[in-house]
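> Sequence:
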Amino acid sequence: MLRIPVRTNITQKTAQMRMKSSSGLIRKTFIDYFVKNHDHKHVKSSSVVPLCDPTVPFVNAGMNQFKGIFLGMVDPPHPRVVNSQKCVRVGGKHNDLDLVGLDGHHHTFFEMLGNWSFGDYYKKEACKMAWDLLLGPYRLKPEELLVTYFGGDVTIGLTEDRECRDIWKEIGVPASRLKDCGAKDNFWEMGASGPCGPCTEIHYIHPDGRLTEIWNIVFIQCNRDTDGSVKGLRRQHVDTGMGLERVAALLQGVASNYDTDLFRPLIAAIEKNSANVSPYGGSYVSDAALDQQYRRLADHARMISVCLADGAFPATSLNLKQIMRKSFKMCSDVFHNPNLLSILYNHVTESLGDTYPELIVKEKDAKLILEYEREGYDRLRSNLAKKWQDLVKRYPEVVEFSDVEMAGFALGYKELKETMKKVNSNTIPGELVFKLYDTHGFQEDIIERIATLNNLEIDKKGFWKLLQQHKSRHKRAFKEQSSKQGILFDQAIETILKAGVSRSNDQPKYDFNVVDNRVTFEPLKTNVVAILNENIEWVDFLDPCENRPYYIVTESTNFYTEAGGQVSDLGVIKFNKNIKFIVDSVFKIRDFVFHKGHFKLHDSENKYVNNTSEVVLELDSERRLNVMRNHTGVHLLNAAMRQVLPNSVIGQVGSSVSDMGFSLSLVVYGEKLSQPVVLEAQDLIRKAIKSEAIVDTREIDSTQLSSEDSVITVPGETYPETGLRLVTCSLPLLSKELCCGTHVRSVRDLQEVCVCGVKGAATPTPTLYALTGARALQARELFCRAEKLSQVVELADPEQVKEEVSSMKLQLKTLCGGGAPCGEHAECLKLLDSLVKKAGSRNDGAMQEMAEAEIGEACHEAGREGRRFVVHFLRCSYLMQPRAAAHALAHARTPRDVTTHAHAPAGDVTGGGEDAGELPAVLLGCAGGVIVAVARVPQELVSKTFTAQKWLSCILPIFQAEISPPREGERLDTKAQMNATKVSLINCEQMVQDAMRVAIKFAQCHLKDVAIDNSVRSTENRQQN
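All residue numbers for the sequence shown refer to the numbering used here, where the first residue is 250 and numbers rise by one.
Simulated from the structure, these hints should not be mistaken for lab results.
Given the structure is predicted, the values throughout are model-derived calculations rather than measurements.
Mixed in with the good hints there might be a few duds.
Under the rule of at most 27 Å between Cα atoms (straight-line distance), these lysine-lysine pairs were calculated in the DSSO-like manner [as the list claims (entries may be wrong)]:
#1 K636 - K671
#2 K985 - K936
#3 K845 - K823
#4 K663 - K684
#5 K1058 - K1087
#6 K856 - K774
#7 K1087 - K1062
#8 K774 - K714
#9 K570 - K774
#10 K1051 - K616
#11 K670 - K293
#12 K636 - K578
#13 K1087 - K1051
#14 K635 - K611
#15 K670 - K642
#16 K613 - K521
#17 K671 - K774
#18 K747 - K671
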């Protein structure tokens, strides 16, 4: 029924057969053949994001999810398995990115049809099953097929696979269609290390003699170690792979994978949704740039869609982000539709959604991420445009990198050029390569291109060493090891291994009891297997010293080593009643746990220890319990954030757990964090605490994990094949996470939670800070104290209120730590600030009265002394805040002393009756090192030469100050105010005295003219009357 055409004059019958050979039918036929005919179990495809394999950025082969089985670490789900596995090849050993679009068969994403035998059938059955499927349901002809097998390789130490050759001959493959090949073609390896073995391949022979590989059958019988050596496995397995895209092209009778039903709808969608672009021509000549872009975008759309549906985040996957940006560039620059990638997601879903339903389930999330990343890319391009122009002017050769769009490219390239000028070498130092990679974001292929362009070599060895150190920097074990110390630790471990101890048993770290709702940790009896001194030297017998550090290794330990973001335990190792070892830190190297600390001696006699002593290990129980509370708190906050932001896509990128609190770092696409969001998440956790929900922890392996739903993992984190700990918090706040940390058994044990800080709330990568247990209760007590204080603030002494607020703020700062205050913490600080203002207002009210009294006394004294104006420095301003002092001066009255001037002559401007008004005045004050000043002149005393503005202006140069603009309804003739100006308190008094002398002199001079003018006007009025 399914047949590949081999003639150019294709008949109508053949065309009809091709129409039936859909990719979906080809996939289904493959799976049904092995399930129904050969008793295989159909296992769903794993995510393309690898959970248990740090050697690859994405799942790049069908066997990745079964790697632990091949290594004998986990049990298979069934002896015989079949599936269609989603694969991505970008980065690592298998990287097809640069070839995509140039030919008809390389892809970043493809499906691998495969069947596996885990210690069941082997070469004979595997070859026969493959041959029967191709000649049976797929209806290929034997004369159209060529078979290759492994011809041996001296460097690997393996001879020709004659067994495989003879099997094919027995099946009926003629010698003319049977060919031996070397390790390059017929020895399969997944990566630089891991399961591997000889393989046999089935190729299709085209009429023109070209070969297309159809099926690769790998006999997994070896494992390549990290040192490059190849060793045999305990059990032999079969791993086969047949690329769906290639076999679809053959069975559908088309020349290229891009002409199959897997790609044609995507290419048609690109044509339909593009503007002013020629249709796809299907050309593979070297200058067919537009056709290459069609193929490349169609391929990338599939890869991006599948990765996003499988939970990959651009924020944590540089490969994915780079490919997305290349795709956005094609969408905008070539096809003139920035939203084209989101449209293509729909067509990928139509093509693959039935087989991989996660594409449908995650559609909303994927499109949200696409929209956010596109907007970010647009902003990046806008910002880079000017930098790029400047860079090209300075270094014209960089036009070769016009396809590179990186925020740090310009700065990084400048640093490279300037540094290489100084080092006088043609090799880029490892330190500089690492800085380009880590600081400026240069990928390795970009650095390679730059080196080639500038005729430079790269210190790759130095770069890889720094990169490895960077990846391990957070680990306590790494911190303890310099290059020399690392060798010494390794030597100590080799000595322990020779003694018959293979590893430290640290499973007791998860043991604790709950009695009457109280968590307890039992001391652990065990034996010492090694003692090392501060120089990492082996010690058999020791007279311990209190002031030197030592390292102790025991057969078993209940101490937790730093992992999963959780700090290591502290505690004590008791040798006897007189000798204790205080544990300051714990770390693990090669499965051995080292306890670092110092001895505490209680008796000068019998203080000797040896490296076989029986000891008792006791944890700092209260500290450990607080750590457990906080680690469970991380899981609950993670679950709560997802619940309160249902329209956002959230991923965890990290966490930090100690006895003092915890932090949770997220990547958030969509709605950003806000005060209501944080409070709602906190409320959900508090409800879970009241519900006394159970926290369950159970161990599973990587194969069991595939059957678990809704398990939260950290993108980019690598998990072990076995001993995976699945921590589940039950409803009302459901959480399922893989975690190696320690947790309480009931949410009730958290006692309380307080989300008190957030860093980067408005960014896509916020970090939340929170407390549980006693520290959360302390924080809430302080919040309540603030509320109570607000109720009595009117009755309390203002200074006492300020002291209380200051004390509470200090305690909150100590408790709540990092990030900007949020939630109840932010509300509390806001309330405390308002209380200080209220207290200050009451204080200011009292100071205002004091200021008015002082100014009134100055005016009264001026009247007694016969002065016609007032120039006064407000002494009580030293006790005031700058704003309060300015307010006091601006609103103070300067009344004339009526009784003193009752008999003043008519021409005297200071005389007058009851309605005599106010004295002209210049008033100054100094509050907190800030000078304030105001000049006031009654309207009847204003003249051309004497106004408030002119009077105040005479003292401005002394303070290097300016006059403030008048408020509405005020005139500078009658009232002028100086800008509050900061001055040195050392010089303040002298400056004030100088200003007062100038102001007095100005008034004495100009008030005479005012008196004469007033007398003339008074005489004229009497004559008229």
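> Of all the hints given earlier, name the ones this structure violates by number, lowest first.
8, 9, 10, 11, 14, 17 and 18
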